[in-house]
Every structure is written in C-alpha cells, then in structure tokens.
Amino acid sequence: MSESRGDTRTVMIDTLARRAARDLLFAATAVGVAAVAMAFTVAVLGFDPLRLGPAFLDGALGNAYRLGSTLALACPLCLLGVACALAFRGGVLNIGAEGQYLIGALTAAAVGPRLAGLEPWVGVAVLLAAGVLGGAAWALLAALLKLGRGVPEVLSTILLNFVALRLLEFIVRGPLVDEQSIDRESTAAIASAAILPQVWTAGGLHAGVLIALGAAVLLQFVVSRSTFGFRLRALGANPIASRYAGISTASLTAMLMGLSGGLAGLAGAVEISGTHHYLTTSFAAGYGYTAIAVALLARLAPFGVVPAALFFAAIETGTRGMQKLPEQAMQSFPTVMKFVAQGVVVLVIVLLTRPRTPLGTPDD
Amino acid sequence: MIELRGISRTFGTLTALSDVSLQIPRGAILGLLGENGAGKSTLMNILYGLLRPSAGSMFIDARPYNPRSPRDALQRGVGMVHQHFMLVPTLTVAENILLGMRGVRLRLNRASREIAAFADDVGLPVQVDARVGDLSVGRQQRVEILKALFRRVNVLILDEPTASLTPAETEQLFASMRRLRARGVAIVFISHKLKEVVGNCDAVIVLRRGHIIHAGDASGTTPEVLAAQMVGAPAFATLPAPGPAASTARPPATASPPMLEVRRLSAHSRGIADLLDIELHVHRGEIVGVAGVDGNGQDALIDALLGIRSPTRGQVLMDGVDLTRAAPRERLRRGIGHVPGDRRRQGLILDFSVVENTCLKTFVRRPMSHLGWLSRRTMRRHAAQLVAEADVRGPALDGPAALLSGGNQQKLVVARELHAHPRLLLVCNPTRGVDVAATAAIRARLRAARDAGAAVLLVSSDLDEIVELADRVMVMYRGTLRPSTGSAGDVAAIGRLMAGLDL
Amino acid sequence: MTDALHILTPPFALAIGRQGITETVPIALAALGEVVVERSGVINIGIEGMMLCGAFAAALAAHATGSPWIGLSAATATGALCAALYALLVVRLRCDQIVTGLGLNLLAIGVTGIASQRLLANQPPLAPAGTLAGLDPLALPVLLLTLLVAWTLYRTMWGLGIRACGDEPLAAASAGLSVRGLRFSAVLIGGALAGLGGGHLAIVIAGRFQEEMVAGRGFVALAMVIFGRWSPSGATLGTLFVGTLMATQQNLQPLLRPDQIHTLYPLMLMAPYVLTLLVLSAGFRSAGAPAALARPW
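Protein chains in written order, with this note's numbering: chain W, 551 to 914; chain S, -9 to 493; chain V, 1007 to 1303.
Don't read these hints as lab results, they were simulated from the structure. All of these numbers come straight from a predicted model, not from anything done at the bench. Here a beta-carbon is modelled for each residue, glycine too, at the ideal position from N, C-alpha and C.
Chain W regions said to be covered by chain V (calculated; three or more residues, Cβ under 8 Å):
hint: 1; region: 689 to 701
hint: 2; region: 885 to 894
If the Cβ cut is set under 10 Å, some of the chain V residues that face chain W in the computed set are:
hint: 3; residue: Glu1054
hint: 4; residue: Cys1101
hint: 5; residue: Gly1116
hint: 6; residue: Leu1228
hint: 7; residue: Tyr1271
hint: 8; residue: Leu1286
With these hints in hand, go ahead and build the complete structure from the sequences.
Given below as structure tokens:
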C-alpha cells in the first residue's frame, strides 16, 4: 500500500467502478434468467412467447396510462424495497415488510376519513405520518421479541405478516367498516385533503412517485455517507466487531427495524392516499414479498431499488396487459407468473453472491 | 514407515511448500519446527488428506498413499490432533471418539466400556460419559489423542500440542508420547518451542518458507542452532533485546494512583462463574501481564472491562471514575484502547475498506464526521497516515481489509488503537499468528506506549511474551486472578499458578 | 346462539380432539423433518414452499389415479425433489440459507399456481383417505415417526454424525465424515416429510389443492422446532397445541351468528399465529440451538 499511495485516487475509483460494474452484471443476469424462465412457463402453458412478448411490453409501457400504472405500482415496490434493503444491509432480516405495509395502510385508512377540512398538504402529511407510525410500531413488535426474548426476527416478522393480514380483515369488516357499502368489505373513503395530488394526469400518476424517488435517493446518501449509514453497514458486516467498536447493536437493531417498518408503512399509506382512497379486505397483494426480490436485485443499494422496482412493476402490469388480449384463453392467464420471476431473481442473485469457499487458503 | 518424496504445494502464485522429502520410521518421534507461515500446517494438512499436493508423492510401507480426505488418511492409519481441537463440545467423550466410525447402530453402553478399557490400556484414562465441553484443555487433548488411537493409527500428527497446556499438562503429554513410541507409533510433533523439540524428539526437521532447511538427529543439535535456522540469520539479528532487562531500569510506576482499578469483579453465565472476585490495578506507565491457559476467563475479563458484558458484582474504575455500568462507547470515549485476541472477528470488519477500518472507532467524532455526515477526505488522510506509520503493506486503502495478510491486519489494529493515545490499553495475544518481524514491531510499539505513560494490560497465553513485556505478572486460573509473587521472570512460579497449584 | 357451555360436553371435546390431531399432522410432519435438518446445521425457510409443492403433487397424483395413498407418496417424493434443489444450492454451493429458502417459497407459489390452473382446473373433490383406528390416517404414523426420529438421532451412527455436523462441522469432517453428504441427506428427509405434510393438507384436510393453502403452516413448524428445543418429541408436542387451537377455532364457528362470523372469522384465523408468537416469546432460549445453524460448510 505504501508503494501505491501516489495513485490511490485512481485505485479508489477503480474499486468503486468495478463493484458497480459487478452489481450491474449480476442484476442483468438475474433479469435475463427471469425473462427466460417466464418465456419458458408461457410456452409450457401452451401460449406463444413471441406473440405474448409485445403484448407484455404493451401492457407495461404501451401508452401514457399504462406507463403511468407501471410507475404508480413501482411506488410501493420502491418504498418497500428500500425498507428491505436497509434492514438487510444492517443484518436485520426483516421479512415482515408485507405486514408492516398492511398495518401502515390500515392506520392511514383509519385516520383518512377524519381529515376533512384540513389544508390539502396537511391532510396528506398526517395520513402519511399515520402510515409510518403504524408500520414502525408493527416492526418494533418484532424488534421487541428479538431483543427482549431472543426470538429470531426472520420467524417473528413472517408470522406477524399473517397476523397483520387477518387483523386488517377484521378491522375493515368490523370497527372501520363503511356502513354504506354493500359487501361490508371496505372502509369509508379518506378525506379529499388526504389524497395525494396527481403529477401526470395523462398517466394518472400521483405524487407518491416523487416520495418514493426521494426516499431512495436520500437513503442512498444516508447509507454511504452518514455516520448512521456507517453504523448500519458495520452491524451488517460484522456485529461482533461493531460492539467492540462501541456501536450499541441492540438500539441500532431496534432503530433499523423501526425505520424499515416505517418505510413499509409509508408505502401502505401512499397506496391508500394515491391510488385506492379507501381500504378493502382484498388490499393485500404480496408486494411486501416482492420487495425482498426488489432489494436483492438492487444489491441492497437504496438507489438500485428504483430500477429494480420498475422491473417488477412492469412484470405485474405486463401480465395484466396480456390478460387483455382478445382470445378467451388469455383471460385466464395466470397472474402468479410474477412469483416465478421473483423466485428466479432471488435464486440467481443468491447463487451469484454466494460466499467463496474458504478452503485452499494458505495457513498463517 | 511413511515417506514423502518431493512434495510441493502452491496457492495461486504463493509457494507454501517446495520439494519436501522426508521419512518417518515406526516408533520414532519427529520434531517439525518452523515459524508461522513456514509451511508446517500445509505439510501436515497434506499428510492428513485435508489438502492435496501440487507435486510429489507419498508412501506408507512402500505402498503409494494419496489421501483425498481425512477418511482416507485414517483408513491408512494416519491420525491428527489439531492445535484447535476437533471435538464436539455438546457430545460425550465416548460419542466424540465414536464419531465417524463405521456401523449403523450407536450402542453407547457397550462402546463406552470398550473405550474405557482401551484408554486404560494405552495409559490415557478418561471419564467416557463426561461432556467434552466440561473437560479441561489437557483432558480434551487426551480425548483427541484417544480418538486417533482408537482408530488404530500408527502415524500420529500432533499440531502444536503444547500451545494451550499448562507446564504440568505438557509433561504428562510427553510421557504419553514416549509410551506410544514404545508401542510402535510414529509421531510427528509440530512446535515452535525449541527446547520441547530437542528434549523429546528423536529427529528434527526445520522448515523455512516451504523448504527443509535442516534435517538430523535431535541429539546432535541445540536450541540455539535450530533457532538461527528457523528464522534465518538476518531476522534473528533484528530480534529485540529481552524485556525485563529494559524494564528493570525504569522506576516503579506503582507510586501514582492507578489508571485502572478493579474491585471484586465477578461475572456469571448460567450460574457458573466466569470471573470470581477479580482484584486488579494497572498504573500509568506499566505493563501488567495476565498469564494463563486460554479459556480461564481472560475473554470474560476483557469483555467486562470494555462493557461488552455486565458483571454480576464488583466495580470497574478508570482514573477514579466508576465505569461499572458505562456503555462500551462511553468507555472508549474515556480513552480505553483495545487490541482484541481475535482481530478478524473482533477487531476488523473484513468487508470494509482499510480506510473505514482505521476509522471504526472514531467515525462519530470530528473531524471524521460533521453533523452526522462522514468526511471521507479526512478519513482517507487519516488512514494513509496510519498505514504509513505502521508500515502496513497491502493492496489499496480502498480495498477490503480481508485482502491484508494476518500480520498486516494486526499491525493495522495496533496502529489504530495506539494512534488515539489511549490512557488504558487492553491487549490480548497481540502477536498470535504474526511473523517474527511484525511481532518485534508490535512489541516495540507496546513498550513505547507504556513509556509514553499508558497503562497497559497484556493478556497472553504465550508465557515468553508475558515474561518479555510485563513489568508485573498476574495469573488467571478458572476465573480467578492472582499475582505472581516472584519476579516477572520467574517462569516456574507462574507455571504453578497457571496449573491452579498454590505456591 | 346455542349454549356456550356446549363446548364443555364430552362429544364436543372429542370432536375437537380428533380434528386437532388432524390439524396437527401436517405441521408435525414438517416440524419433525425440520428437527433433523436443523440438527445438521441447516435452517430450511423453504419448508413452506416444499409443503405447497407436496400438496400440489398429492392432488395431481390422487386426481390422476384415484388413490389417496399414491397422492401422499407423490407428495413425499416431490418434497424430497424440492429439497434436493435446495440442498444443491445451500449445501453444495453454500448459498445463503434464508434467502434461498425465501426464493424457493416464491418459486413454489408461482409454479404450483400456474400448474394448478393448467392441470387442476375445475377438479372434483379428491377421494378421502379414510381413517385409521378412528383417527386421522397419519396420526399413528406421526407418533411412531416421532419415536423413530428420536431413535435415529440418538441411537444411530448417522444421527451422531448429524448432531456433530450441526454443532461442530469441522470436528465431524476431521473425523472422516462428509459434512455435506450428511447435511444433504438431512435436508432430503426434511423435504420429504414437509412434502408429505403438504400432501396430507391437500388430501385429508382440504380434499383439493388451493393456491397458498399452506398458509404459513411451514413457518409455524419452524417456530415449533425452536419451541421444542430441537427435540423430536418437543416439536410434535408444540404442533399439537397449535393443531388443537385450530380445531377449537373451527368448532366454534357454528356457535356464531352469520354476521358475527363475517367480522370475527379473521380473528379466528389469526389465533394460531398469535399463539405461535406467544409460545415463542415465552419459551425461547437460544441455548440448545445447534451451534453451526445456518452456517454454510
């Protein structure tokens, strides 16, 4: 090292560039394999992948409205992906983004109807804050179980997802039910003051897209440039050395869990405020699980989450586009295909980033 | 008779072993000497089937021997006792010995009786139904040897077997080795302790940088000759003068109030005392050595002093301030430096760059960061300075610390901890797994820190290191800490305390 | 609403007990397999997906042949097949165990979802598997399996090797054992039992395949392995609690008015997960966990 001090600047750029190039290559490989896997399943199901390809792209990007839908769908995926990426980066295995997202939507939908008469931006802010608090509180349950009782967060967060789903159903049908609804499966609509404004009317796109983008950019800087980010990365890379370096790992774990849950809750609130305007029992769509694939595809970099979220959003809207093809057969085109893509992406990334064997190194 | 012909092994561009040929007859003890990194472990791993040679061939009783795994080696009668025991602490002695044997059913009662009888027969009696984790280190080593012998091995490799034994346990081991030799077992005894090799082996081989430098009868040589050969003459010449001579000239530092004061400190885990009523004072400008066999509570002591684990009773005071309940961060802020015993797990974040590792404990403070944002330029400048000062050699400041060699990793940790001018420095086995030159450099820096007024607590299982560096010696045994009454150089007295014997 | 005390009458309790055993069987099978897997040092989060694949294969095979037993066999084989893929990734290729398991779960939902829409659309209910001694056909086998797993772990050389791999794989390798081979075999057994559990779910409990029908039972099984301190009997006992609660909850439904069911039903579905979380937080001790759990070799 002492020899090369003169050109450390180039060395630094070189290492960073190489790392970025590798991440990009891994992501491209995963996307490629996922595309092949999807084409293969389409063919197995008896459809022609070559004919479906254009329909898929048309569904995802074909016109302003469809592009807008894809971008709108990417919003929650992006926020949820950042939530997962942050937690994973800090070594906290928060698999509970789904549950935190649902609770965030629930708290947002609970306060939403009561915000009538407020200034529009105040209403939106209160609604989003409610979502953040709901998601963070739900995540902190898992942190409490981990730090207080030693329950591994992988399990507690997964189980809490199931609890959240049923809790949402109960509250939507019971305490929060809209008495005017026929099927008693939805809450009352939120006040207009709590609705996110549109930023692109032709695409029907709400301002949540700016929130998601802003969160990704901000947290990218936080992770790489702030002392909090330094702590978070240290904890994820070596929790033991982190403790010896004076980092309070317990409180940092709790903070990370809360932050991750808060972001997931924000995603739920943005969905309510921007897209749905009220909560139904069929709100859960598994975005919280998709987010795990998003975060891994982004190689746990918050900014990388943006393109990764767009990719998975496009798969979802593209599949919807294929269902709209004229043939009868296409209407039953399975929406679960997105899970194939997610599973393949996760497995390819985990395969590419597996640890190299420690054997075969010289003894010291 | 086992024979090696022209064995070489390379790792990438590095040659760990080059053209090694040797013979080990039955009923003989071969001493294998060499510095860390000389290739001893590589050679033995090849013999035991854990590594494959890049070139060369091996024979047992004139039949080719090409082990692909320890299973192959054991089948051909080659057994190994590793420096770090290969035992499962949660299993019993009998279960550990039976592990990997043929058969479907595990008939524990019958097998236990057989093992007990066998152990008595070879003169290594053990309690077969004890959990291995509950045994002392010496007893665990006995289980390891029995494990090999029970498989009817006739070549036994002992890798640094005395490294973690008390002097008394070491003597027992040598007695066992002589008994096995009489039964016709060929023993390879790996060590870097010269006297042990000269005194207990029939033949000696010295390795340096993968080459055999010396081979001959043990009776025809002396420790001094072997030492020169092991390290090579130039390295030997730069070895520093022994410590006590240097330190006796200094005025006693105990006159001033202590920097570290520990009062009746105890710590328990699940009802068992890891630390029991520890009393300890460390003053400015002195090195207090804590000798002892690994696993007698040294880690618990350091962790309690750092606030990593909380004591069940007692007090820790630094410069008169009670820090018993203070968080680790608060203690570091007050000027505690720490060179951990396990640098890869405790001291460094291997995935982090060298720059980030140099700032691991200072990144929260100015000038490394401001208002919560890192100043990457300052961090870099600091790292470059540190690396130059400590002569850390490696790929790049922005490359991961994992790419540094063990010695350079340790130099980096020592440099980081000393750069902050700690008032109290806690050091654990600072030169374990470090080459001779780096060892000398690290010890010199510790002495310099002491001379600059730091209070240094040196925990080491290497008695030579303690004797060389410490001004006062304490001995740790089963969670208790007792002062050695003799002079710092009274090895015999220290040894008795290490074994738990009263003076 | 009928008399609430009805729940205390012997016939009602008996019905709950019988149904509780049926609800226990699939979770217990998965948990018993997972005990073996975790004792070898591997944690299989993909257990949920393996159960789902088992359920699908059982429905498909039983649908095609009309025999519930062939269905259960197919489920076992499919579970083992999924486990082989998982073991290839985490044991042979040393991939991260938790992320791989999650990926496998996602893939399982996708593949079974697509395949069932294609192959099992408009399926009639499957032939029931009947009963054994008046109980669930697999109740007695699960009991015997608990003893068998315990015997294998503690009284065979293979079991000794498995326990060594989970606690100190280096020692196992040094004793001449193949850590990867042992872990591979453990994962295969775990997958086969999870698959069988899924098959039971499809054939005995639901009588058909439904997307996402496993509904977290695999995760509950994982939790019960921890609750049972990695012992076969402890795991089976833990799953019996959850199974009984599920049966109680189902038997309470007729006691409610339809409009009450509409709102309260989600709470009943929530109960097993809440119980699992409570049990985990009350009884969890990290002591007893295999020391090398989730560490690749």
